[in-house]
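Asker: Sequence:
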Amino acid sequence: MEQSLAHGRVRASATYFYTRLQEVTTFDFSGYINPSNDPFGRFGGYRNTGGGLARGLELSLQARPTRTTDVQLAYTYTNADQRQPSSVPGFIPAFGISAQMFTAYVNQRV
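For what it's worth, our numbering labels the leading residue of the sequence shown as 3, then goes sequentially.
Certain hints may be false.
Said to hold, decoys possible - With beta-carbon atoms standing in for the labels, derived distance ranges:
hint, residue 1, residue 2, range
1, Glu25, Val108, 38 to 44 Å
2, Arg22, Ser100, 16 to 22 Å
3, Tyr48, Thr71, 45 to 51 Å
No wet-lab data here; the hints were simulated from the structure. Since the structure is predicted, the reported quantities are computational estimates derived from the model, not experimental observations. Even for Gly, the Cβ is constructed at its ideal location relative to N, Cα and C.
Taking the hints into account, I'd like the entire structure generated from these sequences.
Answerer: Now the structure itself:
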């Protein structure tokens, strides 16, 4: 959803997202792939993992208070879970994905 205000000098937007992945391909060095079964003797490789869910909300505001000043603000909330191996049902939090993120940007042209 997007809304323009103040004769186009301010723009506000909101986005909801939901992603469900059945499987994700990852590169694995953990020894999951047995080098004795590989004719090339590799110790790692690509494999499929259980996938996961990601859902959240992103809010943003862009403003031009003067002809030479731009201001942008953004906030994102993400709730991401990855599937555990199929032998253990359920989900665990996905590492490396921030639950909350805020960005501020101000540009002044001289």
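Asker: Now, for every hint given, state plainly whether the structure supports it.
Answerer: These are the hints, each one checked on the structure:
1. Glu25 with Val108: 38 to 44 Å: Holds, since Glu25 and Val108 (Cβ atoms, about 42 Å apart) stay within the stated range.
2. Arg22 with Ser100: 16 to 22 Å: holds, 20 Å
3. Tyr48 with Thr71: 45 to 51 Å: Holds, since Tyr48 and Thr71 (Cβ atoms, about 48 Å apart) stay within the stated range.
Checked against the numbered hints listed earlier, the structure breaks none of them; every hint is satisfied.
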